[in-house]
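Participant: Taken in order, these protein sequences are the chains called A and B. Heads up, my numbering is the position in the first sequence plus 5, with the first residue counted as 1. Heads up, my numbering is the position in the second sequence plus 5, with the first residue counted as 1.
Simulated from the structure, these hints should not be mistaken for lab results. As the structure is a computational prediction, the values presented were derived from the model and not from experiment. A couple of the hints might just be wrong.
Each pair may be met inside one copy or between any two copies, as identical chains are not told apart.
What the hints assert, rightly or not - Calculated cross-link-like contacts (lysine to aspartate or glutamate; reagent style EDC-like; alpha-carbon spacing at most 20 angstroms):
| id | residue 1 | residue 2 |
| --- | --- | --- |
| 1 | Lys98 | Glu12 |
| 2 | Lys98 | Asp46 |
| 3 | Lys8 | Asp78 |
| 4 | Lys57 | Glu108 |
| 5 | Lys57 | Glu143 |
Protein chains: 2
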Amino acid sequence: MTKALNENEAWVVIKAGRMGHLGCIDHDEPYVVPINYLVEDGRIYSHSLPGKKISALRHHPRACLQVGQVQNDFHWQSAIAFGDYEEVNDAEKRTMVLRQLLERYPELTPVESQLAREGKWEVVVFCLRIDKVTGVAED
Amino acid sequence: MTKALNENEAWVVIKAGRMGHLGCIDHDEPYVVPINYLVEDGRIYSHSLPGKKISALRHHPRACLQVGQVQNDFHWQSAIAFGDYEEVNDAEKRTMVLRQLLERYPELTPVESQLAREGKWEVVVFCLRIDKVTGVAED
């Protein structure tokens with residue numbers, strides 16, 4: 006049976022995930038893109054080269070991240086976190102986040118890895134300040 | 006290297022997928038949820054019990070579906086289709102769509118399967134009339 010997850014249970018799903026689907030709004034149109042991420046202190050961190058996603062988030066900062074865990078067709082959890090987009094501009098914090106992302110996701114594309122290692126400012130480091138999490142599970 | 010997919014290539018990814026991430030807008034907030042779907046004549050069909058997703062789509066019909074195919078960390082494709090939400094109310098078409106969904110996804114939850122088999126009107130059958138598809142791939 007499908008059941009709602011409470012806030013703690015939904016956070017467990019989000020923290021355990023490696024990849025989620027970021028939802029944002031681009032000119033009144035929803036836009037969804039898979040991202041790798043880190044969770045720290047109620048914030049979800051990620052990075053990106055500038056592009057459609059970053060433009061959309063800068064214009065309309067409200068966003069969400071959906072994370073799923075699927076053991077099989079009858080046992081799965083899906084959680085979603087909502088929050089406001091914020092860019093990380095502090096050099097020390099940027100470096101720390103990029104380092105953690107690279108440690109966790111060594112498979113990032115060579116271009117991304119290179120830029121991230123060099124701490125190039127072309128790379129946007131951002132977070133969602135989460136203020137709401139919900140989820141459902143079937144078990 | 007990452008490259009853009011043309012419209013045909015993006016459709017190939019979408020048609021080959023079994024599960025996608027639907028993006029919609031709920032009270033000016035993005036909302037993302039995984040769905041199973043069918044593609045026919047430039048439309049993406051799915052079904053759902055009434056709830057947050059259907060309420061959001063009825064209020065703000067613009068939506069998208071992101072579909073990913075991942076062979077490994079260095080070979081993947083991601084496509085996204087944008088379109089307007091429309092409910093399928095014709096009884097014959099509803100039955101046909103539900104039957105095809107059940108044939109393709111026998112693992113739908115017992116409740117959903119039961120409702121779908123009985124053609125209960127509680128089940129909302131809907132489509133997105135796609136007018137734009139894009140994608141990226143790494144290979």
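Participant: State for each hint whether it applies.
Facilitator: Here is what the structure says about each hint:
Taking CA atoms no more than 20 angstroms apart as the test, Lys98 paired with Glu12 passes in neither setting, with 27 angstroms inside one copy and 39 angstroms between copies. Proximity of Lys98 and Asp46 under a CA criterion of 20 angstroms is satisfied intra-copy only: 14 angstroms inside one chain copy versus 49 angstroms between copies. Taking the closest pair of Cα atoms, Lys8 and Asp78 come within 20 angstroms of each other only inside a single copy of the chain (15 angstroms); across copies the shortest separation is 33 angstroms, beyond that limit. Neither within a single protomer nor between protomers do Lys57 and Glu108 lie at most 20 angstroms apart by alpha-carbon distance, with minima of 26 angstroms and 37 angstroms respectively.
Proximity of Lys57 to Glu143 under the C-alpha cut-off of 20 angstroms is restricted to the inter-copy arrangement: shortest distance 18 angstroms between copies versus 34 angstroms within a copy.
The structure fails hints 1 and 4 (numbered hints given earlier, in ascending order).
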